[in-house]
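These protein sequence lines are chains A and B, in that order.
Each residue of the first sequence is one higher than the one before, starting from 1 at the first, in the working numbering.
Each residue of the second sequence is one higher than the one before, starting from 198 at the first, in the working numbering.
A couple of the hints might just be wrong.
Unchecked claim - Derived coverage of chain A by chain B (criterion: at least 3 residues anywhere in the stretch with Cβ under 8 angstroms from a Cβ of chain B; other residues may be distant):
#1 20-26
#2 46-56
#3 59-72
#4 114-122
#5 139-150
#6 168-177
To be verified - Sample of chain B residues with no beta-carbon within 10 angstroms of chain A, all distances over it, derived:
#7 G390
#8 A465
#9 T569
#10 G615
To be verified - Selected chain A positions facing chain B (Cβ under 8 angstroms, derived; list incomplete):
#11 I14
#12 P78
#13 R79
#14 R109
#15 W125
Bear in mind the hints are in silico, worked out from the structure with no lab data behind them.
Note that beta-carbon positions come from the ideal geometry of N, C-alpha and C, so glycine has one too.
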Amino acid sequence: MHAVTLAAAAAAAIFRIVPLACDGDRLAVAGAGVLRLAEGTSCSAFVPGRATAIALDADNRVTPQRLTPAALAAAKIPRAAYVLAPAAGRDADETALVTTTIDVLVPPRTPPGDDIYISTERSSWSPAEIRMDRVDARHFRLALQLHRGARLAFRVTRGSYGTIERNEARALPPAHIAPGEPDAHVTVTIPAWADID
Amino acid sequence: MTRWGLTRAALACLAFTAAPGAADARPTATVDGSIVFFSDTLALIVRDGATVKLADGTRAHADAAYLDLRTDRLVLAGRAHVARGAAAIDGDAIALELDGTRVDVLDAASGVGRTTRALGPTTAADFDAERFVFPDVDDRYAFIKSKHATITPHADVRFSPAAFPTSVGGVPVPSYLHTFATGAGFGSTSLAGATFDQPYGLWGSPTSLTALHARWEDGPGAALALQQQIVSGDDAYVAASIDAPLHGYSVHGFTAYRRIGSRFTAIADASGTIYGTVAHAGFTAAFGAAGGRLDYTRVSGGGSSFNASLRTPDRPLPGGATWRLRGDFGFDAQRGGLLGLLPDAHNYATVWRHGLDLSVSTPVVRVPLGATMATSLDTSRTWFSFPHHRDALGASVNVTRPLARNLKLFLNYQGSWGADVYPNTQGLFYPTPTTPLITPDGTPYFGYAAFSGATTFRAQSGELQFTPNGTSLRLTVTHTADFPQFNGFGRPQWEVRGGARFRPFPNIGIDVSRAYDFAWGGTRWQPRWSFAITP
Numbered sequence: 001m002h003a004v005t006l007a008a009a010a011a012a013a014i015f016r017i018v019p020l021a022c023d024g025d026r027l028a029v030a031g032a033g034v035l036r037l038a039e040g041t042s043c044s045a046f047v048p049g050r051a052t053a054i055a056l057d058a059d060n061r062v063t064p065q066r067l068t069p070a071a072l073a074a075a076k077i078p079r080a081a082y083v084l085a086p087a088a089g090r091d092a093d094e095t096a097l098v099t100t101t102i103d104v105l106v107p108p109r110t111p112p113g114d115d116i117y118i119s120t121e122r123s124s125w126s127p128a129e130i131r132m133d134r135v136d137a138r139h140f141r142l143a144l145q146l147h148r149g150a151r152l153a154f155r156v157t158r159g160s161y162g163t164i165e166r167n168e169a170r171a172l173p174p175a176h177i178a179p180g181e182p183d184a185h186v187t188v189t190i191p192a193w194a195d196i197d
Numbered sequence: 198m199t200r201w202g203l204t205r206a207a208l209a210c211l212a213f214t215a216a217p218g219a220a221d222a223r224p225t226a227t228v229d230g231s232i233v234f235f236s237d238t239l240a241l242i243v244r245d246g247a248t249v250k251l252a253d254g255t256r257a258h259a260d261a262a263y264l265d266l267r268t269d270r271l272v273l274a275g276r277a278h279v280a281r282g283a284a285a286i287d288g289d290a291i292a293l294e295l296d297g298t299r300v301d302v303l304d305a306a307s308g309v310g311r312t313t314r315a316l317g318p319t320t321a322a323d324f325d326a327e328r329f330v331f332p333d334v335d336d337r338y339a340f341i342k343s344k345h346a347t348i349t350p351h352a353d354v355r356f357s358p359a360a361f362p363t364s365v366g367g368v369p370v371p372s373y374l375h376t377f378a379t380g381a382g383f384g385s386t387s388l389a390g391a392t393f394d395q396p397y398g399l400w401g402s403p404t405s406l407t408a409l410h411a412r413w414e415d416g417p418g419a420a421l422a423l424q425q426q427i428v429s430g431d432d433a434y435v436a437a438s439i440d441a442p443l444h445g446y447s448v449h450g451f452t453a454y455r456r457i458g459s460r461f462t463a464i465a466d467a468s469g470t471i472y473g474t475v476a477h478a479g480f481t482a483a484f485g486a487a488g489g490r491l492d493y494t495r496v497s498g499g500g501s502s503f504n505a506s507l508r509t510p511d512r513p514l515p516g517g518a519t520w521r522l523r524g525d526f527g528f529d530a531q532r533g534g535l536l537g538l539l540p541d542a543h544n545y546a547t548v549w550r551h552g553l554d555l556s557v558s559t560p561v562v563r564v565p566l567g568a569t570m571a572t573s574l575d576t577s578r579t580w581f582s583f584p585h586h587r588d589a590l591g592a593s594v595n596v597t598r599p600l601a602r603n604l605k606l607f608l609n610y611q612g613s614w615g616a617d618v619y620p621n622t623q624g625l626f627y628p629t630p631t632t633p634l635i636t637p638d639g640t641p642y643f644g645y646a647a648f649s650g651a652t653t654f655r656a657q658s659g660e661l662q663f664t665p666n667g668t669s670l671r672l673t674v675t676h677t678a679d680f681p682q683f684n685g686f687g688r689p690q691w692e693v694r695g696g697a698r699f700r701p702f703p704n705i706g707i708d709v710s711r712a713y714d715f716a717w718g719g720t721r722w723q724p725r726w727s728f729a730i731t732p
């Protein structure tokens with residue numbers, strides 16, 4: 001009885017997928033496995049690389065559906081539905097913009113009126129790319145919208161390359177990474193600035 | 198720009214274009230099709246028929262392709278075909294690395310086979326779905342759309358042409374170089390600060406970048422600059438530039454940095470204008486949390502200075518406060534005499550000095566009314582080998598008071614007091630003016646007669662910051678009370694600044710601010726704009 005309920009629930013679900021390829025009655029799903037098309041379903045409904053929605057019938061066969069925000073991630077497709085199952089799957093959905101919060105703690109000798117910026121590879125390392133919000137005298141914060149799956153390298157400045165962060169040995173540190181994951185939080189403590197010894 | 202300046206700019210262009218050409222890494226891949234590129238995920242996606250050419254002669258095409266520039270992995274999706282010489286392989290999807298040997302071929306009917314870049318017979322392999330990820334993205338939010346891309350792994354990608362879908366007007370450019378190398382030196386610059394600076398990459402490699410900069414500078418106005426960077430990871434870089442304002446004189450710049458082991462760094466920089474050159478070399482050393490620094494500066498006209506300093510670590514005080522002491526030693530020198538006001542100035546071509554600087558800082562502490570406060574104090578004295586010493590005292594108090602969840606009030610006080618003391622010769626170095634100082638609007642400043650080397654700078658400011666949902670709005674009022682300061686001479690007494698940072702589109706941000714100086718220098722108010730577009 002329980003198995004029947006689960007099968008019915010899966011059959012009613014709509015899944016958001018990125019087709020990798022479709023050939024005959026086989027549909028390869030990006031980051032997942034290979035599904036089988038339902039009778040009467042043609043590969044013309046699937047464009048490789050373009051997100052779409054599918055439903056599974058009682059025999060775990062695929063029919064194309066209209067893509068809606070309610071569609072489940074491809075990772076939720078029951079493993080039993082695959083005719084070729086992957087060793088492990090990965091959700092390929094990078095449409096969502098997620099919020100990553102960066103907290104920066106500045107050293108005591110930071111000039112009190114100075115703004116703090118992050119500099120990223122997105123702007124070819126413009127030193128005043130995005131101004132951070134002040135939390136208190138030594139603490140700044142920025143809520144950054146990133147695509148899910150991003151790994152954004154960044155450095156901290158006071159608005160120019162001459163005021164870029166330095167480590168305790170007064171050397172340039174490697175870039176920090178802001179991950180594009182839901183509610184990700186990165187805290188950076190700045191030991192020193194390039195222009196203040 | 199003068200003719201000579203233009204000539205030098207052209208010569209620099211030639212030199213710079215030759216240099217990176219030699220340093221260029223060979224492009225590993227070219228991609229053709231309907232391309233969309235996302236700068237934060239470094240995902241390059243090709244739709245409606247993708248053609249890929251790799252530097253080793255490998256050719257590929259498929260219905261679509263995904264190139265992950267973080268990992269250099271290429272996924273060919275739908276009727277994928279890869280050929281190299283006479284060898285070829287087909288599959289429903291094929292995954293390979295730009296510079297690797299492994300090739301995974303997915304046949305939806307039979308499973309996954311694996312071969313090498315020689316494209317020999319495949320052998321059955323595990324179905325590693327990670328190899329066949331194709332990101333689910335919304336093309337409307339792409340950073341760049343293009344038809345052709347040339348990729349240098351771990352360095353840059355050139356789009357020809359390039360359209361920026363959500364930028365102002367979405368005007369395409371014939372070619373755009375996007376650099377994603379992460380070496381710290383790629384952010385270095387030998388250009389002076391500018392109100393606006395938009396780089397445009399010309400040539401690049403994993404270790405170099407040549408970029409043209411469209412600039413707006415305070416004073417000269419519009420300017421074009423060319424900069425060459427050569428970078429070795431986070432450990433070393435060299436940047437050289439020529440900045441040519443359309444109305445004004447060109448400026449040459451140079452900066453270099455080298456980390457030496459885990460304790461030492463060496464730096465050098467120089468700039469040159471029609472007025473002369475300034476060259477500087479420095480060296481830093483770290484001994485645990487303590488450290489030292491050497492700096493030598495030389496200017497054209499025979500001037501130079503040297504400074505050696507040692508600093509203690511930040512040492513604890515009660516309540517979480519810290520103190521730090523720094524000692525300095527060095528000289529200032531000028532050919533013909535440093536103290537030109539003295540009749541025997543030639544005897545003082547070099548004046549040695551030494552100084553001590555003590556700074557004390559408190560942590561951020563809670564205070565009544567739900568506020569927090571941080572304070573700092575800095576005091577220093579410098580002694581010179583001529584009868585002369587200079588004292589400085591600085592203090593700041595910063596209070597933060599949350600008013601609502603996204604609304605904060607910041608109150609700041611900053612003061613600095615200085616005394617430049619010449620025992621017995623004060624009147625010689627700070628003479629009483631025989632005529633009153635005239636301010637920019639022609640008003641005489643009689644009070645300046647009281648200035649004899651002692652300065653005061655005090656600033657009080659209040660700022661409201663409102664940060665709802667990724668937007669930031671700020672309003673700041675600043676009052677200064679300095680000496681000397683009068684009617685356009687010195688800092689404005691009252692300034693109001695408003696600013697907003699917001700995102701009109703998902704991948705474009707705008708940071709705009711406007712400031713007013715009130716009743717200063719003969720004008721009732723002086724508005725100033727600043728504007729920046731952010732990714």
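Structure-based check of all given hints:
1. 20-26: holds (count 6)
2. 46-56: Result for this restraint: holds, n = 5.
3. 59-72: The restraint on the region 59-72 of chain A is violated, since only 0 of its residues have a Cβ under 8 angstroms from chain B and three are required.
4. 114-122: Since 4 is at least three, the answer is holds.
5. 139-150: holds (count 7)
6. 168-177: Result for this restraint: holds, n = 8.
7. G390: violated, 6 angstroms
8. A465: Per Cβ check, A465(B) is outside 10 angstroms of chain A; nearest 14 angstroms; holds.
9. T569: violated, 5 angstroms
10. G615: holds, 16 angstroms
11. I14: violated, 14 angstroms
12. P78: violated, 15 angstroms
13. R79: For R79(A), the interface hint is violated, since the closest Cβ of chain B sits about 11 angstroms away, which is over 8 angstroms.
14. R109: holds, 6 angstroms
15. W125: For W125(A), the interface hint holds, since the closest Cβ of chain B sits about 3 angstroms away, which is under 8 angstroms.
In this structure, the hints that do not hold are numbers 3, 7, 9, 11, 12 and 13, in rising order.
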